Amino acid sequence: MAISLVITVILILVASLGGLLFGASYILDQSLSDPDVLVHPSLSGNDIVVTIYEGRRLSELMQLSLEIEGYAPVVKDVPSGAKEIVYSSVAVQTTGTRNVGVRGIFTDGSVKLLKVLVLKFT
Amino acid sequence: MIRYLKIVITGLLLVLICTSGCIIFAENSTELKPVSAEQINRMDAALYPLTYLIAKDMEQACCLVGKTARELDGVPTDDPAVELTLLKLRRDIPFSFEAGLFDKNDTLIASTEDRGKTMEIGVGKATHHYTEEELKAAGPACIVSGYSMLLHGDNGFTFTTAVYDAQGNYNGTLRVGINTWSLFSGINEYLRNEYGYTIWVAQPDGLVIYDKDTDEIGRNLITDELYVSETLKDAVELILKKESGNSSYLFYDSTWVNSTQTNVVWDTVYPGYGMEWRIVLTDNVPAKTETETTATPTTEELKSFVEKAYVYAQTHTKEEALHAFNDKNGEFINGELYIFAYSMEGDVLSIPYQPGLIGVNRWIREDPNGIKIQQRMIARAQQGGGCVNYMTANPDHQYAQEFKLSYVMPVDDTWFIGAGIYVQENPLSQNHYVTWTKRQDLTYQVRNMQYLAKTEGIPAVVAMINDPSSDLQIEGLYPFSVTENGIHLADALNPELAGTNQLGMTNSLGMSIVREVISLAQAGGGWMYGLLEIPPANEEQYVLIYVEPIDAATYAGSLIILG
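Residue numbers (this note's numbering), protein chains in the order written: chain A, 1 to 122; chain B, 1 to 563.
Any given hint could be a false lead.
Taking lysine to aspartate or glutamate and the EDC-like style, the derived pairs with C-alpha atoms no more than 16 Å apart in a straight line are [stated by the list, open to error]:
#1 Lys318/B x Asp347/B
#2 Lys83/A x Glu54/A
#3 Lys83/A x Glu307/B
#4 Lys120/A x Asp412/B
Simulated from the structure, these hints should not be mistaken for lab results.
As the structure is a computational prediction, the values presented were derived from the model and not from experiment.
Looking at chain A on its own, in the form it has when it is part of the complex:
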């Protein structure tokens, strides 16, 4: 009886652990393989160009908000099928290193941080 109980507990623990690992792996894989929208900002002169790649919510993306540390966010509409959004002159006289974030605003009103990186302006 006791042995049966021990075996049952072990089996439950193993199953839970396996489920936990599988679940964690699933979540990790999903975040890697299925981003909401994959974007990337880069500096070109005084402009920042946000390139839009792919993502499961790409069709729902309405606007992109570009946020440079120390500056007010700049929001631009994302036309359907747009591959890049150019934030002209947004980096005028911006020098040094700053955090830059890109937030997506979707048709359901949700706002999601899509990308954060450190950009060296000079």
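Got chain A; can you put chain B on it based on the hints?
Chain B only, in chain A's frame:
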């Protein structure tokens, strides 16, 4: 049945053993072909003028160091004249890194280097320690150190001489860090382009202090596992033992897969007290031939290729992505395009055609004109990505050095990816090269602006840049000055830009030259290529630029138009 199997297995083993022996024997039995006296004479004729030149350069540099030491004898460290004297010395030795004054305990007490970058005044220690007796034994000559790590992670050697107090007592040392790449690469380019020869340079202990391939610099010919060929070992033994001579050996060609016979002549240079160098001239530069290649991808195709890899890297683990990029038969190989990946510290993560380089740190990798390739790529990646120019070997053209355009993108804050195409229309891909005298002129001009800014003031330097007949000007060079905020103080090539902010000016590759210049100057200065509209036609042409900081907020540079 079992007995039959045993016979078969034994037979197979015997075949294997015999075959292995044949393979090993075949590797050792390759004979060196004899070299004609005429060829040896030709190689000697190319080498000897250059060893004389190197010896003269070292003698002149050592004289300058000695003269400067005498100017500093008895001068208190906090005297402003010390900084000016060190700046002048650095200006007058264009292949130097930095100059510094050290006390009797080898502690740094004054330096041309931007304080706080790597060695703190009053804290930093000299790499090599010399006793007062050793310094006296050198007499008027400088002690030349062995090759080692210097400031900024650069590698080179130092000239050292004693400094005395007002009473004539030993009071410390004056040391100048010398960039061996800068010293030898110009000579190598001259030999490569004019004769089809290259040089490598080694200390008598076998340490390689210069090679056209930076990955060989710092290796030891005697102990490094790279140099296992029997013929090479014999040649190295001869080279390190004898001051001059000729020999041949088998070593890897540019593919790093096949080996080929390399014929060498060598001579010895004594750069200063305590050191001698073997200058070894080799004939292993094959003539550039055009092989059939597919059409070069456009810049847009290059960018798309890298972006495809970027998406892959963002949607897979780092390990999965690097595995895919390193797969020579995978989806990230397309003609001449392949994905390379580096850490932000310069470690190779992916390079499918040279897997032996994975894990190697290439931070100090330089092209023949002094462009620090990995550092320029990292700087560009840290701007979010973009184009980088440099020279490197083209496998399609017998590994001739050619101008390359790469596009890089950061995957995250720790690593980046990229790919590149060769730019055949650039003059540097067409056997044009920048002579080492022109590069030294560029360095001297910019460092002179640095010096004059301290002695005459920045406004005076600005006026000299704007005056075509000032003593600052050197024919064929175009000096300029910009502030940390991107304002052009002066520009000899485009005088009308003075007073304007050019941070937003980009070329057809989307590169902001001014941002690149500021970034390079803030990193301590150095070399870069640019693509600029050249007046009066305002057509884009490639230029070679050298920059240095004048102070914390102002930078000086000069450029030469390529071609």
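Problem set entry | Straight-line alpha-carbon gap Lys83/A to Glu307/B, limit 16 Å | Distance of about 12 Å is within 16 Å: holds.
Exercise. Between Lys120/A and Asp412/B, is the straight-line Cα distance small enough, at 16 Å or below?
Worked result: 13 Å, holds
Exercise. Holds or violated: are the alpha carbons of Lys83/A and Glu54/A at most 16 Å from each other?
Worked result: Holds: Lys83/A and Glu54/A sit about 9 Å apart, inside 16 Å.
For this session: Would you mind confirming whether the straight-line C-alpha gap from Lys318/B to Asp347/B stays at or under 16 Å?
Result: 15 Å, holds
Going through the hint list in order, the structure satisfies each hint without exception.
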